[in-house]
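Chemist: Now for the letters of each chain:
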Amino acid sequence: MDYKDYYEVLGLERTATQDEIKRAYRKLARKYHPDVNKESGAESKFKEAGEAYEVLKDPEKRAAYDQLGANWQAGQDFQPPPGWDQGFEYSSQGPGDESAFSDFFENLFGQGRSSQAGRQTRHEFHAHGQDHHAKIMIDLKDAYEGATRAISLRAPEVDASGHVSVRDRSIKVKIPKGITEGQHIRLAGQGTPGVGQGQAGDLYLEIHFQPDPTFSVDGRDVYINLPITPWEAALGGKVKCPTPAGAVDLKVPENARTGQKLRLKGRGIPGKTAGDLYAVLQIAVPPARTAQDREFYERMSRDMNFNPRAKLGG
Amino acid sequence: MAKHPASVVAGEIIEVVSLAELCRSCGVQSEWVVELVDEGILEPQGSDPSAWRFSAVSITRTRVAWRLQHDLGVNRAGIALALNLLDERQELHVHLQRLERSLDDTSSDSDF
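The listed protein sequences derive, respectively, from chains X and H.
Oh and the first sequence: position 65 is 65 in our numbering, straight run, nothing missing.
If you want our numbering, it's the 1-based position in the second sequence plus 314.
Please note that a few of the clues may not be correct.
Which bits of chain X does chain H cover? Going by a derived footprint, with three or more residues having C-beta under 8 Å, they are [unchecked claim]:
| # | region |
| --- | --- |
| 1 | 6-12 |
| 2 | 288-301 |
Distance ranges between label pairs, derived from CB positions [said to hold, decoys possible]:
| # | chain 1 | residue 1 | chain 2 | residue 2 | range |
| --- | --- | --- | --- | --- | --- |
| 3 | X | D303 | H | E357 | 55 to 63 Å |
| 4 | X | S301 | H | E357 | 55 to 63 Å |
| 5 | X | G189 | H | S332 | 14 to 22 Å |
| 6 | H | V351 | X | K135 | 53 to 61 Å |
| 7 | H | N389 | X | T15 | 16 to 24 Å |
Simulated from the structure, these hints should not be mistaken for laboratory data.
We treat Cβ as the ideally placed atom computed from N, Cα and C, and that holds for glycine.
Please build the complete structure, drawing on both the sequences and the hints.
Modeler: Following this line, the structure appears as structure tokens:
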């Protein structure tokens with residue numbers, strides 16, 4: 001078990017006042033809140049700060065923590081000295097559970113915590129099982145074709161005597177065709193089992209797309225940057241355009257411009273009203289690599305009489 | 315930690331949810347959701363709470379709203395502001411990525 005330096009986490013001296021502790025925590029919490037800060041690592045920093053604050057804001061816990069001494073280094077292997085009650089068995093919870101604290105915290109302070117799972121206290125009188133939420137990453141192709149995805153879930157469970165344990169399970173989920181980013185799939189009965197006659201809770205899966213190297217997505221509409229040659233742009237004609245459902249012929253108009261959006265109606269994500277696919281044209285300029293290429297460009301320069309800077313007064 | 319064998323589960327795509335479903339799925343009280351509606355944070359279809367139908371995005375918004383209040387002590391007006399700015403930032407992010415990608419495509423041509 002690694003020692004945690006809670007003062008270091010909050011960027012404070014050990015002599016910090018309770019007010020300073022509160023201010024430091026608030027600042028870090030705003031900065032690293034996972035809904036606000038999307039950088040990887042933000043969530044763990046947010047949790048670290050929360051854990052540090054949980055201990056240091058409480059004068060009794062802080063005194064107990066301080067009593068461990070100031071000579072410990074963060075990350076150093078740590079065993080609680082005799083006198084700390086280690087009777088509480090705890091396994092760290094899966095990602096996404098904001099109430100998960102480190103082994104270090106749980107060993108020192110865990111036994112005092114209520115086993116009630118954080119905010120999701122039941123207000124209703126019936127013993128319906130809790131609903132769970134998880135995020136799932138799928139490929140854009142899955143939204144076009146539908147798919148079956150195996151997902152593994154870790155969920156804390158509270159037994160009748162109030163003990164918390166972690167249950168690992170793997171389920172295979174059908175991803176329906178036509179799903180879009182941010183939509184939810186409800187899996188009835190896959191949440192926490194109900195108590196007594198109560199129904200089991202549901203599991204909600206929030207859909208996110210893996211970043212795709214070729215396509216970007218906006219709702220049901222899909223975008224691709226489509227490179228074309230200067231002559232395809234100037235003369236127009238048919239070019240092959242990839243779509244997540246396979247390449248299609250796209251008619252480029254004469255004198256097409258870079259940045260011009262060509263719509264392929266209904267080629268976006270399928271659905272009652274299917275999205276569209278937009279090909280955003282990018283004119284690729286062939287490099288002059290050989291003497292022949294150069295000669296060709298020189299001839300264009302003489303014959304074309306084209307000044308793209310004319311409007312700039314150049 | 316018991317390993318359970320994999321089983322195939324078919325889910326349903328959520329189009330809209332009722333007030334009760336929203337509360338249950340997010341583990342929040344209906345009074346609090348009504349406050350979010352009053353503040354314009356959630357915009358259900360339908361006239362009175364029993365007829366309200368929330369879009370599926372409301373599930374995410376409600377959960378984020380709850381965390382902002384619970385973790386950071388943000389009040390309702392603050393939640394509304396933060397959610398609007400987060401939406402705006404997300405749109406800009408998507409837009410920027412698309413632009414960066416088109417710049418990459420153009421500049422890679424000159425790498426020869």
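Chemist: Examine the region 6-12 of chain X: at least three residues should have C-beta closer than 8 Å to a C-beta of chain H.
Modeler: violated (count 0)
Chemist: Check the following: the C-beta atoms of S301/X and E357/H are separated by a distance inside 55 to 63 Å.
Modeler: This hint holds: roughly 58 Å between Cβ atoms.
Chemist: Lying within 14 to 22 Å: is that true of the beta-carbon distance G189/X to S332/H?
Modeler: holds (18 Å)
Chemist: Taking the Cβ atom of V351/H and the Cβ atom of K135/X, is their distance within the range 53 to 61 Å?
Modeler: Taking Cβ atoms as reference, V351/H and K135/X lie about 25 Å apart, which means the hint is violated.
Chemist: Range first: 16 to 24 Å. Now tell me if the beta carbons of N389/H and T15/X are that far apart.
Modeler: violated (33 Å)
Chemist: Closer than 8 Å Cβ to Cβ for three or more residues is the test here. Does the region 288-301 of chain X pass it with chain H?
Modeler: violated (count 1)
Chemist: Quick check: does the Cβ-Cβ distance between D303/X and E357/H fall within 55 to 63 Å?
Modeler: 60 Å Cβ-Cβ, so the 55 to 63 Å window holds.
Hints 1, 2, 6, 7 from the list above are not met by this structure, while the remaining hints are.
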